[in-house]
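Student: So the protein sequences, as listed, match chains Y, R, Z and H. According to the UniProt record's numbering, the residues represented by the first sequence are 1 to 400, in order. According to the UniProt record's numbering, the residues represented by the second sequence are 1 to 400, in order. According to the UniProt record's numbering, the residues represented by the third sequence are 1 to 400, in order. According to the UniProt record's numbering, the residues represented by the fourth sequence are 1 to 400, in order.
Quick caveat, the hints were computed from the structure, so don't treat them as lab data. Since the model is a prediction, treat every value here as computed from it, not as a measurement. Hints are supplied without guarantee of correctness; some may be wrong.
A few chain H residues facing chain Z, derived, Cβ under 7 Å [said to hold, decoys possible]:
hint : residue
1    : 122
2    : 167
3    : 170
4    : 173
5    : 261
6    : 269
Cβ atoms here follow ideal geometry from the backbone N, Cα and C, with glycine treated the same way.
There are 4 protein chains.
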Amino acid sequence: MGRAKKVVLAYSGGVDTSVCIPYLKQEWGVEEVITLAADLGQGDELEPIREKALKSGASESLVADVKDSFVEDYAFGAIQANALYENRYPLGTALARPLIAKILVEAAQKYGADAIAHGCTGKGNDQVRFDISIAALNPNLKILAPAREWGMSREETIAYGEKFGIPSPVKKSSPYSIDKNLLGRSIETGVLEDPAVEPPEEVYEMTKAIANTPNEPEYIEIGFNKGIPITLNGTPTKPVELIEQLNQMAGNHGIGRIDMIENRLVGIKSREIYESPAMLVLIQAHRDLESLTLTADVTHYKRGIEETYSQIVYNGLWYSPLKAALDAFIQKTQEQVLGTVRVKFFKGNATIVGRWSDNSLYSPDLATYGAEDQFDHKAAEGFIYVWGLPTRIWSQQIRS
Amino acid sequence: MGRAKKVVLAYSGGVDTSVCIPYLKQEWGVEEVITLAADLGQGDELEPIREKALKSGASESLVADVKDSFVEDYAFGAIQANALYENRYPLGTALARPLIAKILVEAAQKYGADAIAHGCTGKGNDQVRFDISIAALNPNLKILAPAREWGMSREETIAYGEKFGIPSPVKKSSPYSIDKNLLGRSIETGVLEDPAVEPPEEVYEMTKAIANTPNEPEYIEIGFNKGIPITLNGTPTKPVELIEQLNQMAGNHGIGRIDMIENRLVGIKSREIYESPAMLVLIQAHRDLESLTLTADVTHYKRGIEETYSQIVYNGLWYSPLKAALDAFIQKTQEQVLGTVRVKFFKGNATIVGRWSDNSLYSPDLATYGAEDQFDHKAAEGFIYVWGLPTRIWSQQIRS
Amino acid sequence: MGRAKKVVLAYSGGVDTSVCIPYLKQEWGVEEVITLAADLGQGDELEPIREKALKSGASESLVADVKDSFVEDYAFGAIQANALYENRYPLGTALARPLIAKILVEAAQKYGADAIAHGCTGKGNDQVRFDISIAALNPNLKILAPAREWGMSREETIAYGEKFGIPSPVKKSSPYSIDKNLLGRSIETGVLEDPAVEPPEEVYEMTKAIANTPNEPEYIEIGFNKGIPITLNGTPTKPVELIEQLNQMAGNHGIGRIDMIENRLVGIKSREIYESPAMLVLIQAHRDLESLTLTADVTHYKRGIEETYSQIVYNGLWYSPLKAALDAFIQKTQEQVLGTVRVKFFKGNATIVGRWSDNSLYSPDLATYGAEDQFDHKAAEGFIYVWGLPTRIWSQQIRS
Amino acid sequence: MGRAKKVVLAYSGGVDTSVCIPYLKQEWGVEEVITLAADLGQGDELEPIREKALKSGASESLVADVKDSFVEDYAFGAIQANALYENRYPLGTALARPLIAKILVEAAQKYGADAIAHGCTGKGNDQVRFDISIAALNPNLKILAPAREWGMSREETIAYGEKFGIPSPVKKSSPYSIDKNLLGRSIETGVLEDPAVEPPEEVYEMTKAIANTPNEPEYIEIGFNKGIPITLNGTPTKPVELIEQLNQMAGNHGIGRIDMIENRLVGIKSREIYESPAMLVLIQAHRDLESLTLTADVTHYKRGIEETYSQIVYNGLWYSPLKAALDAFIQKTQEQVLGTVRVKFFKGNATIVGRWSDNSLYSPDLATYGAEDQFDHKAAEGFIYVWGLPTRIWSQQIRS
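Chain Y extracted, bound-state conformation (with noise of 0.2 Å):
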């Protein structure tokens, strides 16, 4: 008997996950297998993909347009933790990845599949990804990672894959790994592995350079309720629709690039690229929003939150109980966090010059120098004497 009987496979169309298809059924002796791909907005045609994996030897080829929840139940929740990996990275690809594997546990028990398979090799982070998420929506299911194991490299992997009918890419590979869905694009390999290079023009695509950019500024106004973006310019816009917007107007000032040295999960250091429009401008606009609305210990505390939050959805655990525990958290700090923020794009630059809310904690008749001051100055001497106490102890204390 083989490792699994039937197999639900994450599938993009590429070559790689084509040939996992045969190398599942000859190599490992799967009975069936069924594909599944998913529209996580990274613009490829859903239809040729599904019948490539059917005659690619799928007995099921099926495709899911999850853009919606990829917003909703994944993006909006990472923007409410202001989600910046190692203070940088959104998380586009890592936020991605907790839903594929629902979807793929979802059919699996749909179809009676017995395992679930991807076609990640064993050095980056989607499959840290993709093998916990699987085992905490449903631990009964096998994961089969070819890849990870069958040790052929990219010619030896089409070669296979012609053995069975599956066509060799027919344009000349990038010379870049990329990864691209509605929430950004990440870019590696090829020269941007020396650390040393700058990225060269042609690795962006959601971005223009700066040189391209209009010379003229532009003035958005992003309305936030609970935490979460529901109006541009003014305007309720769905989620999907809000996070396509921004991409292509902030990106068309040149807004959204990162370079950056990461720490992947699995030891390494990577030097990764990525374009983020959309995101980095709400994750901005909202913790701007939220210097408004929050009080200080609450933003202080929270600080460190985020910073757990962001590195364990990098990491994989999403479904954990880590996470519903800090998402308690964040949900509650959320309720206030209303209002308008606006920005200016130009050249580059998202600039917060402007924000509104009437849940704001900005008193203009304390914080005024102004002669409506309401502020109780003689307080101050009662406040420092207290604050400062213990440092005057232990100054008599150690200079005695």
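Here the structure of chain Y is known, so what remains is to put chains R, Z and H in place on it, guided by the hints.
Tutor: Using the frame of chain Y, we list chains R, Z and H on its own:
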């Protein structure tokens, strides 16, 4: 007897601190006022200030150029700490206060004064920073803050000064409250008190408007050793000079503006505009170099240290045992932070486009997806088994 | 006009709060004083207290038995949070203050009072807890604290009271300052102010000296659901009763004493003696049950949450948005905290000797070294490779 | 060629590590095995162990008394860190592993070995601690762990050994798996694998049952300097001796037992029994002394440092840059931790009953409620105004 006999007064040459001189003597019975004006790179001529103090009734008028110490002993530690209060403000003013307190205490000790005075009001952060720094350095000195108590409006203050020969300000007073030194400017009040209003261009001085910046990018290279910037474009550069040059270069490209709602220690939110070109660039470059030279766990843990460091420096606890312990942590991590960062200045953007280090922990042979890959792919499965085991057990438990 | 028109006063029946009644009216021009005495299980008769207030000049004298709410709405949350201030003090007094503040505010609103008064002095934590809780619940109410301002010694206070018919205390006053309620006692001052002196046996009331405890151990079993104790020795037990029984049982075995140097919010250290048998046993048992039912990452992260929770409750921020967010985190984690803990009481020791749970994450088949071992030993090598990779790379770098 | 040429093997004299000698040579082609047995105070005779290794086929048999270093370089740092893994376990075994790794690496370097071997299996924490410590100290050495791979049961292991002249164990093997050294014992397996079962008295060796302890309390005084214990009852005492004496004295009173469910690094929970009298008493006393000599903010921040320190030491990262940075923080805080703690041993309880220090930050004149009170009571009102202002503003906002 008065509140003190001999007082050293922190002196700026402005109306408020000038009025403090006769006020301390007339109203609070101080016998002798010695003024001390510190040159922190704010750009004022010191000799006229020195003379003005004497004319205003000071018995001694001291001036001190402390720019070297400011950069080496205060700013550089903040760069190593990637210190950004509330993730944004590089603490230009907050770093100056403990240094001024230090030379005030030294002067008080040298001249046998029994008190130190400053011109802060009761609502800002600076009073806290002065009072606690002074208490930490010499808890036996009294602290006098006339402006916190006198309750005079600006007009009344000017009128009071005129009685004692202090000339009323010649030029119309700025609508803004501004603090400036080598590390940057902070701008408050006036129309800025409305967080919804975009700051008018007139508030900026160190940074050009993007529309007026060069149309060609400029590349610079900053060399660090032990986390401290030591070269600019390959040339060893003295600390003060390095800051000055970077302020000029980055400011010329419109880099270094901050517009934020900030939580003050005294319990209120305020809207602050900052310009801090050199510090922002240096912290960004330093953090990037750390991403190459520190391990993941150190990087992640240091983020929390950095938050706390920023908060306690902002809150006036520079000379505190917690600050000393955080410093010890940070210094230990900096031993390996050596290397060069290449930054591109263009249209308000400072973009890191390259970094290299003899201490780099980035391993091309482990990171690559190419043929020279040395990573043990089979290890991944074992890792994921162990890493995901708690989630798997938990899932089995809650789903059964 | 006086400082307030109608005041609700937190009333204990003691001299200080009794004197507050005429003082508020005579010295501060208050027209009407309504007293409110809360029964938190401190063991006082309420009716004499009610009458004494009226005799002392109160226009209304309210008493409220709030023991149920005290345990269910305040103590149980603290148990779920394993709340021990500075790792030791289970917050008995600190938990009572926000509840008292709540019923004071409710009474003020019901009776149309414009102020609330309490008898705290200016050095303790309780004034902060009262003032901030009241402000959080109704920021429009004035807060009066006569004892913080009147500057009378104890003798002067008694004399002042006698002028208004308030009898001087019959029995010689205790050398200790004591606060007591259902959750425990706190004892301060007198010889205890010397941290080098062992507390005399006389300070204790709820706990026997070890020499006088039974010579046989007693085993008890505490059942929890969602982190809340619900059964005692298998019997469903109401909250207040459960605390009372545990206080008695544990105290009988000499369990529940604390002797510590504590950092007060107002900047000073104090030496505190506490007795808190039930709370200490329940927190210990609860934490042990969590070790069986929570994943490692939740347990470790929750430790930090618990520290902050303890600090902000100690510091008077019960009704704050940060507390609410921490609570949301904690409540989420408690959903699985179900099971029974077996505790052995003997000679001052409460020792957990067994625990079991339907939600146990302890897996005998994975933990065992016996033949039924299901752990994948080969996975370890892969795990260690990945887990140790950053250290290995770092070592190669710094040692080469 | 075999897996290595010359191997230094961590040797205990037991069956498993004895069998490793022929196994490494026969099965893995190792040419030469040098054994190293460390004396960490586990109480074994070293000479018979030395001889047994030679009889089992070792080419060299080294023994090393490293007790002094164990206490001074490993245990004392853990005391300064108040290191308790999951708030309970004082890391006795975890602290020994990096020291053994260090002398193994030193021996390997001295004897020109190309690998180090140990007898750990694949499920415990020790394999991780050894492997990562060795990699950190010399990343070029291979690491061999025969027992992690050989898959032999205990009976098979004994049988394998007998083929090579290794005698089968004389006495019936304990039902428990035990590790012992100067700092304590850890006991696992057997009936202890059921977390509901009370540990039988027979598992304990260093601590008396409470029923058998003296009926009179014993008072001891421990003197610390820079956070390190240096005197016992006023007598300067050498580190190893101090630990030995305290183990004896505290154990005699039944102090030092721990029964806990613990989260292992490898993803599973295990039930552990520990005895660690001296370490538990020293950490408790040290923490109490810190409460007298550290400021509140240092104490509170250090709690988080301590948690992380305990976790990374438990997890094998003793020789890691994060550990080094945490150590720097801790050492800085310990400079003032000087003084004496008085502890009462009685019936299983170690109770701190007094503490004093020349560096005490406890100020009787500030803490007292007596006439000599120097605290500025009026300051409290100002402090509370500022401290409570965010809550007040927030309340006004959300309640209006």
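Student: It remains to establish, for every hint, whether it holds in the given structure.
Tutor: Now the hints, each set against the structure:
The beta carbon of residue 122(H) comes within 3 Å of a beta carbon in chain Z, closer than 7 Å, and the hint placing it at the interface holds. A hinted interface residue such as residue 167(H) counts as satisfied when its beta carbon comes closer than 7 Å to some beta carbon of chain Z; here the least separation is about 23 Å, so the hint is violated. Interface restraint check for residue 170(H): the shortest CB-CB distance to chain Z comes to about 22 Å, outside 7 Å, so the restraint is violated. Given hint, residue 173(H) at the interface with chain Z, is violated; its Cβ is 12 Å from that chain's nearest Cβ, farther than 7 Å.
Evaluation of the residue 261(H) hint against chain Z yields a held restraint, the C-beta minimum of about 4 Å falling below 7 Å. The criterion of a C-beta within 7 Å of any C-beta in chain Z is met by residue 269(H), whose closest approach is roughly 4 Å, and the hint holds.
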